[in-house]
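Enquirer: As a plain string of letters, each chain reads:
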Amino acid sequence: MSKWIIFLLLAVSASLWAGEPLVRSGMKIAFFGDTITSLGNYPAGYINLTVRGLEANGIPVKKIPAGLGWMTSGQYVPEFKKRVLEKKPDWVTIQCGRSDLYKKGDPAGYRKNMEEIVSLARKAGIRIWILGLTPVCENPDADANKPVNEMNRFLLKLASETGSVYVDVTGPLNQKISECRKEFPGYKGNFVTSWENLTPEGNIVTAETLLQEFGLDAGGIARARNTWKTISYTERLPVSLEEYLLLADKAFTRNLTVAEYMKERIQSARNKDSTIK
Amino acid sequence: MYVRGLLFLSLLLSLSAVHAQNPEIRSGARIAFMGDSITDMGFWKTGYCSLVMKGLEANGIKAVGIPAGISNQSSRQMLPRLESSVISRNATVMTLNSGVNDVGQGVPLKEYEKNMTEMVERAQKAGIKVYLLTATLIQEDLSNRQNEKAVDYNAFLRRLAKEKGCVLVDLNMEMRELLRILREKYPQMKKNIITVDGLHMTPFGNLMMAECVLRGFGFSASQIEKARVEWMKTVSVEPVNLTLAEYEELSRDAYRNGQTLQDYLGNLMIEKEARK
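Residue numbers (my numbering), protein chains in the order written: chain Y, 1 to 277; chain U, 1 to 276.
Don't read these hints as lab results, they were simulated from the structure.
Watch out, some of these pointers could steer you wrong.
On the chain Y side, residues computed to face chain U include the following (Cβ under 7 Å) [claimed, not checked]: (1) Lys-123; (2) Tyr-187; (3) Lys-188; (4) Ile-231; (5) Glu-235.
Taking beta-carbon pairs under 8 Å as the criterion, some of the chain Y residues facing chain U (in silico) [claimed, not checked]: (6) Ala-44; (7) Leu-68; (8) Gly-69; (9) Trp-228; (10) Ser-232; (11) Thr-234; (12) Glu-242; (13) Arg-265; (14) Ala-269; (15) Arg-270.
For every residue, glycine included, the Cβ atom is placed at its ideal position computed from N, Cα and C.
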């Protein structure tokens, strides 16, 4: 008898494992949120990475970027109606709260407005993915991250009460940061910017987490990562005017802009010094 | 006695330096920078407005800069907002730079003349000293149609400055000269030098604009040199385009070296290393 139960369990888990991703070609997915989501639509932002990752797996979807920089909870309902509901998506991801936290907004107002937009999405028959908030800084035990953890507990509860999916973004980010610290003892931080937004590293982790939640397996994530390699990203380097003039002097003699010359310098110096060839 | 003599001499020199400036350029002055996107970006760290303010400070003048540049605007949009952007903000001095969008967006010369004249008159009526800035180049190619068209617009500004007693800051003339010098110095360079995109300034353009404005303010060569010393220390950000694959590999190199990615990349550049 017990053999039969084990067989049944194995069969069920195997069918789940081999199941198709939840996400389907042609779906309309809205990404609603504040600054982090607004920046998420940049080429190396999590929205774009998620959508490109799905494409790489033969699942083209229509993205509805619905992020608004510095949006706080008082704006959630009208912005959600305009940016999400009017576009009639199949799914919506919601990542709201960091701007409220930054601007020290009223927590009760935040919770009320989050409940309101989730309720609106449910009424409209949209599947909801509530993303946890990303950390303020890379030390998970820092005081600055305590309110994030508190808000995430609220979001997890809201998701479970409303039949939404809670996507833990903080956990995977902290995990990656911790791995970096272990592997590279001198690690100085590279997932969260000084403005508390996500770097490309942070966006990659967020996109991978979302893709996993959308049903991609390890092979699917690897295919996504492969397609991300060629996405361009602009790093901004601090350069004094004196340094700029020196760089320009070298660059212009070779018909290069300063940006092109800097890239070339980085590549050639790296080829000499890097441990990765 | 010798020391007192030296002190007296330095006091005299500093007084003469102060008098070399136009009287309205003094501590407490409120300087509005009216213009389009070039002026809007002028308040970025190494933008020309920020450099002007830094240059004033380096020479002991504590003035207040009033940002009044809005992207994509021509004199047509600036005239109706002169009151709110400049006059109501109690400006005592205004630099006015409009022209590239007037030419680019097809504001007729007659209308441009009317708008600019009206802005100057209204500002002067409010007691504001006006500095007229000629329009900078449109693409770094003097013979293109836009630059040829701008000749008449700038000629009008030169006449207007004389008529209304404004100080003329001839950016267009200076930019042409700078371009000639740089093209001679770097004959291999076929891309933009003074502008990023043919319109908005690289540090070369911003330095040129700031220096011209300070000269217009009556700064002497030594005062501008003082400003330049401070300008050279000013740090801005320059873009470097990477692919995500490069970004990830470089990030790991940075971790391995115990540096932030920005520091690591900065240190890879010989020029920066040479300065240490």
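Enquirer: Work down the list of hints and note, for each, if the structure agrees.
Expert: Hint-by-hint comparison with the structure:
Taking 7 Å as the C-beta cut-off, the interface hint given for Lys-123 (chain Y) is violated, the closest approach to chain U being about 39 Å. Taken as an interface hint, Tyr-187 (chain Y) checks out: its beta carbon lies about 5 Å from the nearest beta carbon of chain U, inside 7 Å. For Lys-188 (chain Y), the interface hint holds, the least distance from its beta-carbon to any beta-carbon of chain U being 5 Å, beneath 7 Å. At a threshold of 7 Å, the smallest CB-CB gap from Ile-231 (chain Y) to chain U is about 5 Å, leaving the interface hint in force.
Here the hint on Glu-235 (chain Y) is kept, as its CB sits about 5 Å from the closest CB of chain U, short of 7 Å. Satisfaction of the interface hint for Ala-44 (chain Y) is found here, the shortest Cβ-Cβ separation to chain U being roughly 6 Å, below the 8 Å cut-off. The beta carbon of Leu-68 (chain Y) comes no nearer than 20 Å to any beta carbon in chain U, farther than 8 Å, and the hint placing it at the interface is violated. Because the smallest distance between the Cβ of Gly-69 (chain Y) and any Cβ of chain U comes to about 17 Å, over 8 Å, the interface hint for this residue is violated.
With a least beta-carbon distance of about 5 Å to chain U, the hint placing Trp-228 (chain Y) at the interface is held under the 8 Å criterion. Given the 8 Å rule on beta carbons, the hint for Ser-232 (chain Y) holds: about 6 Å separates it from the nearest Cβ of chain U. For Thr-234 (chain Y), the interface hint holds, the least distance from its beta-carbon to any beta-carbon of chain U being 5 Å, beneath 8 Å. With its C-beta approaching chain U no nearer than about 4 Å, Glu-242 (chain Y) sits inside the 8 Å limit, and its interface hint holds.
Nearest Cβ of chain U to the Cβ of Arg-265 (chain Y): about 5 Å, under the 8 Å cut. The hint holds. Annotation: Ala-269 (chain Y) was flagged as interfacial toward chain U, and the flag holds, the nearest CB pair being 4 Å apart, inside 8 Å. Here the hint on Arg-270 (chain Y) is kept, as its CB sits about 6 Å from the closest CB of chain U, short of 8 Å.
Checked against the numbered hints above, the structure breaks hints 1, 7 and 8 and satisfies the rest.
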